[in-house]
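Chains as they are written, first to last, in the numbering used here: chain U, 43 to 233; chain H, -1 to 202.
Keep in mind that a hint or two might mislead.
Residues from chain H shown here face chain U by an in silico Cβ test under 10 Å; the list is partial [unchecked claim]:
#1 19
#2 32
#3 34
#4 42
#5 147
#6 153
#7 168
#8 198
#9 202
For the record, the hints were derived by calculation from the structure and aren't laboratory data.
Each residue gets a CB set at the ideal place from its N, CA and C atoms; glycine is no exception.
Below, each chain spelled out in residue letters.
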Amino acid sequence: MSTVNPPVVFTQDELGWVSWIDPLPETELTERHFAGLVDRARAKSEYFRLLVRDPEVLEARTRTDKDIFYNVADGLPRAERELAAAATSRYNGCIYCASVHARFASTYSKRRDDVQRLLDEGIKADLGERWNAVVKASVALAATPIAFGPDNIEELRRAGLDDAEIVDVINGASFFNWANRLMLSLGEPSK
Amino acid sequence: MGTLDIIDTLAGIEPGSVLDAIRARRPQARENAQKSYLSLFDPTDSSEFSLSERAAVAAFVTGLHGESPVAAFYREKLATSADGAPLLEAIKGEIARGRTSGPYGAYPAGPLSIENKAGLIYRVSAERKPVLGARLVAALEHAHLLVFHPRDAASADMKALLTAGWSPTGIVTFSQLVAFLSFQVRVVSGLRTLAAAYAQEVAS
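Looking at chain U on its own, in the form it has when it is part of the complex:
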């Protein structure tokens, strides 16, 4: 077991992640497992070798994830899908997920300082009308009971999002309620 050095702040730095239960060893992976991993390179990741214990669920989850975030033929720009993921992770408290998706949001938006303010100041940081609307909608969706309502739709529309883009916000933010819970509960981040 490697030594864990947990981060104590939200960061855009690259973090590691250490599983609390045994991932499958790389040497035990079969074609069924590689189908579940979708990308063979993911066999190097402790997280994916843990989730591949149920390959059918992992494969479906991975393909859902990829289309929600990477299919940019139309709809919301990638940067704002990543913003929804980062805001959801900030609110739920997933330091690992927030680090990955804050980095992506910075890369695609070129607004690294604004992204850092979301991490440092939290979900109330003022990031301008459009980003504020995306953050607020993501946070409302992450609350339990769910607090997302007509006001969120109205704010997103006022900020210039059409309804296909709003569905991308809903999908992206909702997906991170899935991802955050796995990352937070099956292991922990390490610097």
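Put chain H on the given structure of chain U with help from the hints.
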């Protein structure tokens, strides 16, 4: 396209509607959200996590989010699953005991500690433990943590599940099921809210 999937059914999306057309623009996401549902609730192998346990956890998790068509759907799944019906009243009782507001929880000690937020640490009631059994008692307690305060999760929680008879593979599938439902209930809620916004525009 054209055939209703589980999200369409739960969100009340009709074929040919505006939302049906918008969902059709993410065909892989749509198809694989459905495959996720099927692989969790109609799995090829349920030896590590039985179908009645899946239905019980799903009814509990969606019920904790408040009453909705999604909660009603999974309650019905539990009521009609083999060995599930006797659990229904106990699950309903535990939903009522477990409802609260999230997310809350603590951060690793440091600058974020000022954001720590205390909340309910849920435990199954003593009177319902016999009918639920050790595996489901541990599962419901962990599911409540995942729903409301996932940032409190610790390695000791994995040990509690292992001690109650869950295998590592069972824990992975169980965690996926709770996390997937956290996604599904939100997509359905979001799409319903958007559909209601259309209905209001047409009416006004």
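Violating hint indices (sorted, rising): 9
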